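Below are the chains, spelled out letter by letter.
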Amino acid sequence: MTSNTTLPRRYPNRLGLLGWLGKGRHGIERYLYTLHRLTGLALLGFLVFHIFVTSSRLLGRQVWEPIMALTHHPVFQAVEFLIFVAFGFHALNGVRLLLVEMGFAVGKPEEPVYPYKSSLNRQRPLMLTMMVLTGLFILLGGFEFFALDH
Amino acid sequence: MRESRYWVLHMLSAMVILVFLGLHMALMHLSGVLALIDPALAKPVAWGHVLARARSDFFTVTYIFMLAAALFHGLYGLRTMLYELSENPALRKAVTVSFVAGGLGLFGLGAYALIAMHLMTRA
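Protein sequence lines correspond, in order, to chains A and B. Using this note's numbering, the letters of the first sequence correspond one by one to residues 1 to 150. Using this note's numbering, the letters of the second sequence correspond one by one to residues 1 to 123.
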């Protein structure tokens with residue numbers, strides 16, 4: 001007979017990384033959650049790179065200017081635009097998450113009377129507004145990166 | 001209790017990043033659009049503009065705050081994702097210790113560069 005105290009705790013409902021992909025009937029917010037994490041990882045990677053690049057200015061103009069010239073390469077410009085898109089999405093979706101976390105836009109608690117209204121559906125206009133703003137932000141960035149001469 | 005404090009800090013750092021990184025992204029990555037309004041805002045990575053920002057107290061202080069907030073926010077976020085993958089206490093501690101060390105190292109490098117440039121341009 002084994003003692004329960006020696007057994008490791010199990011959470012059979014934990015999906016791990018596969019859970020990021022949905023694995024069930026979920027609203028669009030589930031995929032925004034995945035995208036929020038992926039853009040967060042991309043931004044963190046860029047931040048580390050950015051700290052090293054910008055610290056190089058300590059070495060003087062003769063080091064700074066060749067590094068900045070590299071950033072005008074089309075590949076780097078494309079990566080920079082993707083980082084801009086990731087920032088726009090992460091920031092505006094983050095505003096939605098902050099507002100929901102603080103209890104805004106989800107309605108007040110009420111008796112569950114059919115047809116049920118969930119807080120997820122109540123915050124959907126906020127989600128749509130934030131995604132439209134993200135789209136506008138990306139369009140503005142696209143104009144900057146691809147239409148204006150640098 | 002400690003974890004809920006970290007979560008509140010994660011939220012607060014998000015607000016700091018939203019304001020300062022929003023300003024930074026606009027100045028650095030929408031410079032062409034902004035230059036249509038004020039031509040002085042064009043070419044923000046030109047050496048003269050880099051020195052002007054380094055000389056400014058406002059930019060130096062806000063960059064240091066933004067660096068701290070962004071590193072905390074990003075590393076705490078990644079730590080949360082990694083914590084979900086394993087419940088092994090030793091592994092979790094190793095993640096936390098390495099992130100604290102890495103975060104402090106990156107903050108040290110970034111803050112040193114900011115302060116050293118500020119002092120050099122002021123001299």
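Quick caveat, the hints were computed from the structure, so don't treat them as lab data. No experiment lies behind these values; they were computed from the predicted model shown. Check the hints yourself; a few may be wrong.
[To be verified] Computed list of lysine to any residue pairs in SDA-like fashion (alpha-carbon distance at most 20 angstroms, straight line): (1) B/Lys43 to A/Tyr116; (2) B/Lys43 to A/Met102; (3) B/Lys43 to A/Arg30; (4) B/Lys43 to A/Ala69; (5) B/Lys43 to A/Gly60; (6) B/Lys43 to A/Tyr114; (7) B/Lys43 to A/Leu17; (8) B/Lys43 to A/Leu98.
Restraint check for B/Lys43 with A/Leu98, where alpha carbons must lie at most 20 angstroms apart
Status violated; Cα separation ~34 angstroms.
Agreement of B/Lys43 and A/Leu17 with the hint, judged by alpha carbon distance not exceeding 20 angstroms
Violated, because 42 angstroms separates the two Cα atoms, which is more than 20 angstroms.
Taken at face value, is the distance from the CA of A/Arg30 to the CA of B/Lys43 at most 20 angstroms?
violated, 39 angstroms
For the pair supplied as a hint, B/Lys43 and A/Ala69, confirm whether the alpha-carbon distance does not exceed 20 angstroms.
holds, 12 angstroms
Between B/Lys43 and A/Tyr116, does the CA-CA distance stay at or below 20 angstroms?
violated, 54 angstroms
Quickly compare the C-alpha distance for B/Lys43 and A/Met102 to 20 angstroms and report which way the hint goes.
This hinted pair is violated, its Cα atoms lying about 39 angstroms apart.
Straight-line alpha-carbon gap B/Lys43 to A/Gly60, limit 20 angstroms
holds, 18 angstroms
B/Lys43 paired with A/Tyr114 [C-alpha distance capped at 20 angstroms]:
Violated: B/Lys43 and A/Tyr114 sit about 59 angstroms apart, past 20 angstroms.
In this structure, the earlier hints numbered 1, 2, 3, 6, 7, 8 are contradicted, and the remaining ones agree with it.
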